[in-house]
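Student: Okay, here's what each chain looks like letter by letter:
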Amino acid sequence: AQSVTQLDSHVSVSEGTPVLLRCNYSSSYSPSLFWYVQHPNKGLQLLLKYTSAATLVKGINGFEAEFKKSETSFHLTKPSAHMSDAAEYFCVVSDRGTGFQKLVFGTGTRLLVSP
Amino acid sequence: DTAVSQTPKYLVTQMGNDKSIKCEQNLGHDTMYWYKQDSKKFLKIMFSYNNKELIINETVPNRFSPKSPDKAHLNLHINSLELGDSAVYFCASSQGVTGYEQYFGPGTRLTVT
Numbered sequence: 240a241q242s243v244t245q246l247d248s249h250v251s252v253s254e255g256t257p258v259l260l261r262c263n264y265s266s267s268y269s270p271s272l273f274w275y276v277q278h279p280n281k282g283l284q285l286l287l288k289y290t291s292a293a294t295l296v297k298g299i300n301g302f303e304a305e306f307k308k309s310e311t312s313f314h315l316t317k318p319s320a321h322m323s324d325a326a327e328y329f330c331v332v333s334d335r336g337t338g339f340q341k342l343v344f345g346t347g348t349r350l351l352v353s354p
Numbered sequence: 312d313t314a315v316s317q318t319p320k321y322l323v324t325q326m327g328n329d330k331s332i333k334c335e336q337n338l339g340h341d342t343m344y345w346y347k348q349d350s351k352k353f354l355k356i357m358f359s360y361n362n363k364e365l366i367i368n369e370t371v372p373n374r375f376s377p378k379s380p381d382k383a384h385l386n387l388h389i390n391s392l393e394l395g396d397s398a399v400y401f402c403a404s405s406q407g408v409t410g411y412e413q414y415f416g417p418g419t420r421l422t423v424t
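The listed protein sequences derive, respectively, from chains A and B. Every number in our numbering is 239 more than the matching position in the first sequence, counting from 1. Every number in our numbering is 311 more than the matching position in the second sequence, counting from 1.
Hints are not guaranteed to be accurate.
FRET-style restraints, in silico, Cβ to Cβ [unchecked claim]:
#1 S391(B) <-> S251(A): 36 to 46 Å
#2 F353(B) <-> N300(A): 20 to 30 Å
#3 S248(A) <-> T422(B): 21 to 31 Å
These aren't lab readings, by the way, just hints derived from the structure by calculation. Note that this is a predicted model, so its numbers are computed, not measured. Even for Gly, the Cβ is constructed at its ideal location relative to N, Cα and C.
Please work from the sequences and hints to get the whole structure.
Tutor: Laid out in structure tokens, this is it:
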């Protein structure tokens, strides 16, 4: 079965500094990977996805992630944090073991952005 | 112009009651899902329907019964509510059973007292 591990439950940054949210995955075949963001009391929004095309994936709001098969990682980065980036971020792997897509979520990383 | 909508947004009820949560999507998708997010923010899939047919049914108590009257709607009925059912329930939709992009609704916060 597929799984993801988000290495940090909380990450704190100052506005204008880089953001790094770490994610490692486990998959028995070539995975599809996603990052979703959840702002307080809101639903989940897709930030970006990797589906075996380019290994560097660009998403919305200046976020990007790099798929590294050798390290089984899919870390999320942003060069300069904005106050509005404060939210919960989920790394997600697609489990297609049954032929149907099922998203398996990590435990989330809360990003705190200070002025 | 909401893509995936859920009603109600908040639901407070007592143990033992029966309640329903409704979900509608206007994206033209043919696959819909229910997820449960617990107090630690962990999200887990419960059910998935494709063209009104159940395709994913995780280990969920049979007090939970999803119903899909058409492709645009997936409702969740819960019988005999328990304290442990308190959570945020999210509906989502995608195109196709291998649809990579799932679009989520705003969630329904269920509190059982």
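Student: If a hint holds in the structure, say so; if it does not, say that too.
Tutor: A quick look at each hint next to the structure:
no.: 1; hint: S391(B) <-> S251(A): 36 to 46 Å; verdict: 43 Å, holds
no.: 2; hint: F353(B) <-> N300(A): 20 to 30 Å; verdict: 24 Å, holds
no.: 3; hint: S248(A) <-> T422(B): 21 to 31 Å; verdict: 24 Å, holds
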